[in-house]
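Guided by the hints, dock chain B onto chain A, whose structure is given.
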Amino acid sequence: MLLQIDFKSGKPVYLQLVDQIRYAAASGGLRTGEPLPSIRPLAEELRVNRNTVAKAYAELESQGVIETIPGKGCFLKESHSPFTKSARQKILTKEIDEAVVAAHHLQVDRDAFLALVKERLDSFERKVKEKSDND
Amino acid sequence: MNTDSPIIEIQNLSRRYGKLDAVNDLSLTVRAGKCYGFFGRNGAGKTTTIKCLLNLLRPDSGSARVFGLDPRKHEVAVKSRLAYVPDMVAFYPWMTVAGTLEYLASFRKHWNEDIEADLIKRFQLNPKQKTSHLSKGQRTQLALIGAICPEPELLVLDEPTSGLDPIVRREFIETVIGAYQSGDPGRRTVFVSTHLISEFEGLIDEFTIIEQGRELLTMEADAARDRFRKIRARFAQPTTQLDLSGALNVKQSGREMEILTNGNAEPLLEKLKVRSPEELRCESLSLEEIFVASDILKKAKA
Numbered sequence: 001m002l003l004q005i006d007f008k009s010g011k012p013v014y015l016q017l018v019d020q021i022r023y024a025a026a027s028g029g030l031r032t033g034e035p036l037p038s039i040r041p042l043a044e045e046l047r048v049n050r051n052t053v054a055k056a057y058a059e060l061e062s063q064g065v066i067e068t069i070p071g072k073g074c075f076l077k078e079s080h081s082p083f084t085k086s087a088r089q090k091i092l093t094k095e096i097d098e099a100v101v102a103a104h105h106l107q108v109d110r111d112a113f114l115a116l117v118k119e120r121l122d123s124f125e126r127k128v129k130e131k132s133d134n135d
Numbered sequence: 001m002n003t004d005s006p007i008i009e010i011q012n013l014s015r016r017y018g019k020l021d022a023v024n025d026l027s028l029t030v031r032a033g034k035c036y037g038f039f040g041r042n043g044a045g046k047t048t049t050i051k052c053l054l055n056l057l058r059p060d061s062g063s064a065r066v067f068g069l070d071p072r073k074h075e076v077a078v079k080s081r082l083a084y085v086p087d088m089v090a091f092y093p094w095m096t097v098a099g100t101l102e103y104l105a106s107f108r109k110h111w112n113e114d115i116e117a118d119l120i121k122r123f124q125l126n127p128k129q130k131t132s133h134l135s136k137g138q139r140t141q142l143a144l145i146g147a148i149c150p151e152p153e154l155l156v157l158d159e160p161t162s163g164l165d166p167i168v169r170r171e172f173i174e175t176v177i178g179a180y181q182s183g184d185p186g187r188r189t190v191f192v193s194t195h196l197i198s199e200f201e202g203l204i205d206e207f208t209i210i211e212q213g214r215e216l217l218t219m220e221a222d223a224a225r226d227r228f229r230k231i232r233a234r235f236a237q238p239t240t241q242l243d244l245s246g247a248l249n250v251k252q253s254g255r256e257m258e259i260l261t262n263g264n265a266e267p268l269l270e271k272l273k274v275r276s277p278e279e280l281r282c283e284s285l286s287l288e289e290i291f292v293a294s295d296i297l298k299k300a301k302a
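For the record, the sequence lines run as chains A and B. Residue numbering for the first sequence follows the numbering used here, starting at 1 and increasing by one per position. Residue numbering for the second sequence follows the numbering used here, starting at 1 and increasing by one per position.
Isolated chain A (complex conformation) (with noise of 0.2 Å):
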């Protein structure tokens, strides 16, 4: 899992990092059981602050994607999301809304950004079937 911060797209360092690797994640590139880099050698790396990578990793843990075992790091966590529907429906509106509202600045009308998003759901799930295939 390779992660990257961007100064300039306006979100939280913290958050890029948090999405990063829920995205990991989700798509396969980080597995259940694996372990996430330490939090000094990332900080090192990515040459941000240790607070910022705690800070992502404490949110992760609180969101339930990772857990901590004292002493051997962080690790990802069985793939059940303790969330409700509900509450993981709300979770994914608002990511949607930066979504909708991007796509309004950029003029990318109604039926293109479905079309993008079926476009990239496909994406998702051939990339999450080659990794099981692998597997």
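It is worth saying that the hints were derived from the structure and are not from the lab. There could be a bad hint or two in this list.
[As the list claims (entries may be wrong)] Straight line, CA to CA, 30 Å or less: simulated DSS-like cross-link-like pairs of lysine-lysine:
id : chain 1 : residue 1 : chain 2 : residue 2
1  : B       : 51        : B       : 109
2  : B       : 136       : A       : 118
3  : A       : 118       : A       : 72
4  : B       : 299       : A       : 94
5  : A       : 11        : B       : 79
6  : B       : 251       : A       : 11
7  : A       : 94        : B       : 271
8  : B       : 79        : B       : 136
9  : A       : 11        : B       : 298
10 : A       : 8         : B       : 251
11 : B       : 273       : A       : 90
12 : A       : 11        : B       : 299
13 : A       : 55        : A       : 77
14 : B       : 271       : A       : 8
15 : B       : 271       : A       : 11
16 : B       : 121       : A       : 72
17 : A       : 127       : A       : 11
18 : B       : 251       : B       : 299
19 : B       : 79        : A       : 8
Below, chain B alone, put in the same frame as chain A:
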């Protein structure tokens, strides 16, 4: 000590050299565990402020407190808990690298020899080399080792990376992130003055921009990147009569526009969108771009 009490607290600090106001009514607060950036152009008053913190200069008025103490009255108590890397590093020329570190360690209650050995190896310094034969980069590295091994609560860095090559600068910053924050990051505070901002971008939690001795802007880094944005728009025809009041700055060149926004990117994007631009992009300003735009910020403030 109460963990909520600030590590550095500067209130209405002023220091003059003759008729020149080097620092003029400056106030700022650095909380424990934060990495605080202190940005300003050459001659803005950064070093003067730091010297007041270390009791190397006396303020004309106002106060500077470190760990809640007055550095003028409790100089030893303050200095034993911090380490300082100045912009110009000087060592006794006849001492070797190892001798210099031993000498520096003799002033300290605590000295982490593992970190010392690690860093000497990482920086590829020869312990037997005389300090007079070190390059500028190596001298800065030696000063950094001397500052990190006592594992102080506060690390004060004054233009630490100016004049160093990009690889040494990168190593310097990685060392501050890694070795310095390794123990208990919540209690390790960094106060760094610099004008090479992009390199420290990821490290900075909060910052103050100082100009001509006065505070221009103090913000948290994430909040600043959220608030200051740059919109780029390109139209099919040169646009006219577009009301962009509220923008910090508008640059127009033919069909293209670049607009700096101050927390109001959304309404401005709406206005631009109505004109059907061929291209419309919006991105955050980096801390360095915010610093460069500070002339514009000043006008916005006035």
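Structure-based check of all given hints:
Between residue 51 of chain B and residue 109 of chain B the alpha-carbon distance is near 23 Å, which keeps this suggested pair within the 30 Å criterion. Restraint check for residue 136 of chain B and residue 118 of chain A: not satisfied, since their Cα atoms lie roughly 57 Å apart, outside the 30 Å limit. The hinted pair formed by residue 118 of chain A and residue 72 of chain A fails the criterion: a straight-line CA distance of about 40 Å is larger than 30 Å. Between residue 299 of chain B and residue 94 of chain A, the direct Cα distance comes to roughly 36 Å. Violation of the 30 Å bound is thereby established for this hinted pair.
For a cut-off of 30 Å, the pair hint linking residue 11 of chain A to residue 79 of chain B is broken: about 38 Å separates their Cα positions. Annotation: proposed proximity of residue 251 of chain B to residue 11 of chain A holds, straight-line Cα distance about 25 Å (limit 30 Å). Distance check on the hinted pair: residue 94 of chain A and residue 271 of chain B sit about 24 Å apart at the alpha-carbon level, within 30 Å; holds. Proposed proximity of residue 79 of chain B and residue 136 of chain B is supported: the alpha carbons are some 25 Å apart, at most 30 Å.
Only pairs whose Cα atoms come within 30 Å are accepted, and residue 11 of chain A paired with residue 298 of chain B is accepted, the gap being roughly 25 Å. Our distance criterion of 30 Å between C-alpha atoms is met by residue 8 of chain A and residue 251 of chain B, whose separation comes to about 19 Å. For the suggested pair residue 273 of chain B and residue 90 of chain A, the alpha carbons sit about 29 Å apart, so the restraint of at most 30 Å is met. For the hint linking residue 11 of chain A to residue 299 of chain B, the alpha-carbon distance of about 27 Å falls within 30 Å, and the restraint holds.
Note on residue 55 of chain A and residue 77 of chain A: the hinted pairing holds, with a Cα-Cα distance of about 18 Å set against a maximum of 30 Å. Between residue 271 of chain B and residue 8 of chain A the alpha-carbon distance is near 22 Å, which keeps this suggested pair within the 30 Å criterion. Between residue 271 of chain B and residue 11 of chain A the CA atoms are separated by roughly 23 Å; this keeps the pair inside 30 Å, and the hint holds. Simply put, residue 121 of chain B and residue 72 of chain A have alpha-carbon atoms about 27 Å apart, close enough for the 30 Å limit, and the pair holds.
Taken as a hint, the residue 127 of chain A and residue 11 of chain A pair is honoured in the structure, with Cα atoms around 26 Å apart against an allowance of 30 Å. Annotation: proposed proximity of residue 251 of chain B to residue 299 of chain B holds, straight-line Cα distance about 16 Å (limit 30 Å). Between residue 79 of chain B and residue 8 of chain A, the direct Cα distance comes to roughly 38 Å. Violation of the 30 Å bound is thereby established for this hinted pair.
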